[in-house]
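Trainee: Sequence:
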Amino acid sequence: MTYLIGDIGNTETKLCVLDKKFKIIKRLNVDTLKIKNQYYFKKIIFSFVKNKIIDNKALFSSVVPSVFFSIKKYLKKYLNIQCQELKQTYYSKIIKINANKKQVGSDRIANAIGAYYKYKSDCIVLDFGTATTFDVINQGVYWGGIIAPGVNLSLSTLIKRADQIPSFTLKKTNKVVGNNTISALRSGFYWGYAGLIKNILQLIRKETKRNYKVILTGGFSSLFKNSIKSKVFIDKDITMKGLIELLKVK
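So that you can map any letter, position 250 of the sequence shown is 250 in the numbering used here, and since no number is skipped, the others follow by simple counting.
It is possible that some hints are incorrect.
[Stated by the list, open to error] Okay, derived cross-link-like pairs now, DMTMM-like style, lysine to aspartate or glutamate, Cα gap no bigger than 25 Å in a straight line:
no.	residue 1	residue 2
1	Lys-43	Glu-12
2	Lys-248	Asp-122
3	Lys-250	Glu-85
4	Lys-171	Asp-237
5	Lys-198	Asp-237
6	Lys-20	Glu-85
7	Lys-87	Asp-55
8	Lys-26	Asp-55
[Stated by the list, open to error] Simulated DEER-style distance windows between Cβ atoms:
no.	residue 1	residue 2	range
9	Asn-199	Ile-24	33 to 41 Å
10	Ser-222	Lys-73	35 to 43 Å
11	Asn-199	Leu-158	33 to 41 Å
12	Val-177	Lys-96	23 to 31 Å
13	Ser-183	Arg-27	34 to 42 Å
Source of the hints: derived by calculation from the structure; they are not laboratory data.
Quantities reported herein were computed from a predicted structural model and do not represent experimental measurements.
Every residue, glycine too, gets a C-beta built ideally from N, C-alpha and C.
Take these sequences, add in the hints, and give me the full structure.
Mentor: Written out as structure tokens, the structure is:
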């Protein structure tokens, strides 16, 4: 018996197949916008689960309701799989929420669960996605978090809106003062986000009067890891680990 789990993000959707011991044995990342095309989805999903016996229930976290609806419909139609979205009825057994439950994204709940059950500690999950989010977990309770503009979103918006700003790749720069447009852009984005991260982590610790393990996930984790003075952990599967914990108790 194998299981299917997934995380539907604004930009990218991640799918994983688990074995009977809940270990990830296969993974796939796809462009979220393409999934609504049922012929594209049918093609990729049949290739992805080829020769795999999938349990008739799949669990997803999602911040894009219309895409979840499409996936739910297609999985039922083509594979007779009942697709369920992470809801309070799922997570209420293993984590408490000290925030507005209706407004917390299911991906962030999955991150919180994955972090707490993996690291057995108070944690801050810093997720570099379409938005840059910070989620705070104290003694197994999700306390809330912070949402800031995503790095790629800010980059693409600036390039799109400013006529003389060229496309560029973001890298760490040792010099703060740039001597040309590209080095100035790289400095602004790298040191600007590094400063944002450092300040928010300090403010969380000060406000809550606690120390935390910091878990980084998402595309820019490796780039910003060394800009954080305290010890950090990079865990690209933290969302999936949260979904796996939920499957174990369901």
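Trainee: Each hint needs a verdict: does it hold in this structure or not?
Mentor: So, going through the hints one by one against the coordinates:
1. Lys-43 <-> Glu-12: It holds: about 17 Å lies between the C-alpha atoms, which stays within 25 Å.
2. Lys-248 <-> Asp-122: Distance ~22 Å between Lys-248 and Asp-122 Cα, so the pair holds.
3. Lys-250 <-> Glu-85: holds (13 Å)
4. Lys-171 <-> Asp-237: Satisfied, since the Cα-Cα distance of roughly 23 Å is no more than 25 Å.
5. Lys-198 <-> Asp-237: holds (23 Å)
6. Lys-20 <-> Glu-85: Holds: Lys-20 and Glu-85 sit about 21 Å apart, inside 25 Å.
7. Lys-87 <-> Asp-55: holds (19 Å)
8. Lys-26 <-> Asp-55: Holds, because 15 Å separates the two Cα atoms, which is no more than 25 Å.
9. Asn-199 <-> Ile-24: 33 to 41 Å: 34 Å Cβ-Cβ, so the 33 to 41 Å window holds.
10. Ser-222 <-> Lys-73: 35 to 43 Å: holds (36 Å)
11. Asn-199 <-> Leu-158: 33 to 41 Å: violated (21 Å)
12. Val-177 <-> Lys-96: 23 to 31 Å: Distance hint for Val-177, Lys-96 is violated at roughly 47 Å.
13. Ser-183 <-> Arg-27: 34 to 42 Å: Holds: the Cβ-Cβ distance is about 36 Å, inside 34 to 42 Å.
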